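Assemble the complex: chain G is given as a structure, and chain R must be docked to it using the hints.
Heads up: the protein sequence lines correspond to chains G and R, in order.
No gaps in the numbering here: position 11 of the first sequence is 11 in my numbering, and each next residue is one more.
No gaps in the numbering here: position 126 of the second sequence is 126 in my numbering, and each next residue is one more.
Everything labelled a hint here was simulated from the structure, so no lab data went into it.
Note that the structure is a prediction, hence the values are computed from the model and not measured.
Please note that a few of the clues may not be correct.
Derived DEER-like restraints, expressed as beta-carbon distance ranges [what the hints assert, rightly or not]:
#, chain 1, residue 1, chain 2, residue 2, range
1, G, 27, R, 65, 21 to 29 Å
2, G, 82, R, 116, 42 to 50 Å
3, R, 131, G, 41, 36 to 44 Å
The calculated lysine-lysine pairs, modelled on DSBU-like cross-linking and capped at a C-alpha distance of 35 Å, are [said to hold, decoys possible]:
#, chain 1, residue 1, chain 2, residue 2
4, R, 148, G, 55
5, R, 103, R, 123
6, G, 56, R, 122
A virtual CB, placed ideally from N, CA and C, is assigned to each residue, including glycine.
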Amino acid sequence: MTGRETQIQKNQESREKAVNAYEQGINEIEENLKAAKALSDKIREELEKEALQEKKRLLEEINAECARQVEKAKKQLKEKIKSSKRELESETEVLAEKIEKRLLH
Amino acid sequence: MEKKNQIILILFVLPAFVFMASSEEHSSSNLLPFLGKTLNFVILFGGLAYFLYRPLRNYLQKRSLEIKQSLEEAENSKKEAEERLKETKAQLEALGERIEQIKKEAKSTGQKEKERIISKAKKEAERIKHLSQQEIELLVEGGIRELKEYTIEMATILARERIKKRMTAKDHSLLMDKCIERLSELDENSNTDKKIHSRVS
Numbered sequence: 001m002t003g004r005e006t007q008i009q010k011n012q013e014s015r016e017k018a019v020n021a022y023e024q025g026i027n028e029i030e031e032n033l034k035a036a037k038a039l040s041d042k043i044r045e046e047l048e049k050e051a052l053q054e055k056k057r058l059l060e061e062i063n064a065e066c067a068r069q070v071e072k073a074k075k076q077l078k079e080k081i082k083s084s085k086r087e088l089e090s091e092t093e094v095l096a097e098k099i100e101k102r103l104l105h
Numbered sequence: 001m002e003k004k005n006q007i008i009l010i011l012f013v014l015p016a017f018v019f020m021a022s023s024e025e026h027s028s029s030n031l032l033p034f035l036g037k038t039l040n041f042v043i044l045f046g047g048l049a050y051f052l053y054r055p056l057r058n059y060l061q062k063r064s065l066e067i068k069q070s071l072e073e074a075e076n077s078k079k080e081a082e083e084r085l086k087e088t089k090a091q092l093e094a095l096g097e098r099i100e101q102i103k104k105e106a107k108s109t110g111q112k113e114k115e116r117i118i119s120k121a122k123k124e125a126e127r128i129k130h131l132s133q134q135e136i137e138l139l140v141e142g143g144i145r146e147l148k149e150y151t152i153e154m155a156t157i158l159a160r161e162r163i164k165k166r167m168t169a170k171d172h173s174l175l176m177d178k179c180i181e182r183l184s185e186l187d188e189n190s191n192t193d194k195k196i197h198s199r200v201s
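Pulled out of the complex, with its shape left as it was, chain G reads as follows:
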């Protein structure tokens, strides 16, 4: 084998070695980036999921609280109307008297 052929073969071997290492490196980079992208998607999804759960919890709480307040208000109002009607019964006597006086006198 001549020196020239040896040199060419040596260069080719070096080139092949470098190309293989380059391809391996590229593959490694692609795989790592793919994994990182999947991980970032997962992170985003997790955060979004957390936010949606928080939203659901918040709205459920507020709905329950509002419904409770409305029920409480209804109950209080019913009681208040009942007691007010009792209080107003004495005042209706006065009003009735006024109406009578106005009509008859």
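Same frame as chain G, but now just chain R:
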């Protein structure tokens, strides 16, 4: 060029030496065939050298150029591959940083999205609170109206009963007179309004 001339000289001289060495052994009658052979040899190789020198030289130059190019190409190819490898190594070294950056960006984007969703939910919660407050206010208004109606109804019932009990014939007559008087007043007012309207029109 000197080497070439030396080779040509040897080619011419060598047969002479051969002849001189053999002339002692052979007779002079062998001289002519030898000269003929030498001449043939010179003509043949001279002709070959004359006709083949340029194509052979061109071929060899071309071949050496091709070899040089192939060597250069191999060298360049090796250099290029090594350069790419170097770049890839640099990229690999920076990969960790890049991955961290991707994660950081994902966290930041996700956090912003989370904040947006929660902010929207809070606004929705405020709207629900406001609606329930309005519902309570409506209930209170309805309660007040109910109490007013109840009071009026009760007062009317009581007044009717009282009037029924206490009304005499005189009171009845007086009440009728008042009603008639009131109706007359209303009629007069109505006529006055009509006159004003007709004048205006």
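We went through each hint and held it up to the structure:
| no. | hint | result |
| --- | --- | --- |
| 1 | 27(G) / 65(R): 21 to 29 Å | violated (39 Å) |
| 2 | 82(G) / 116(R): 42 to 50 Å | holds (48 Å) |
| 3 | 131(R) / 41(G): 36 to 44 Å | holds (38 Å) |
| 4 | 148(R) / 55(G) | violated (43 Å) |
| 5 | 103(R) / 123(R) | holds (30 Å) |
| 6 | 56(G) / 122(R) | holds (11 Å) |
Violated hints, listed in ascending order, are 1, 4; each of the other numbered hints is respected by the structure.
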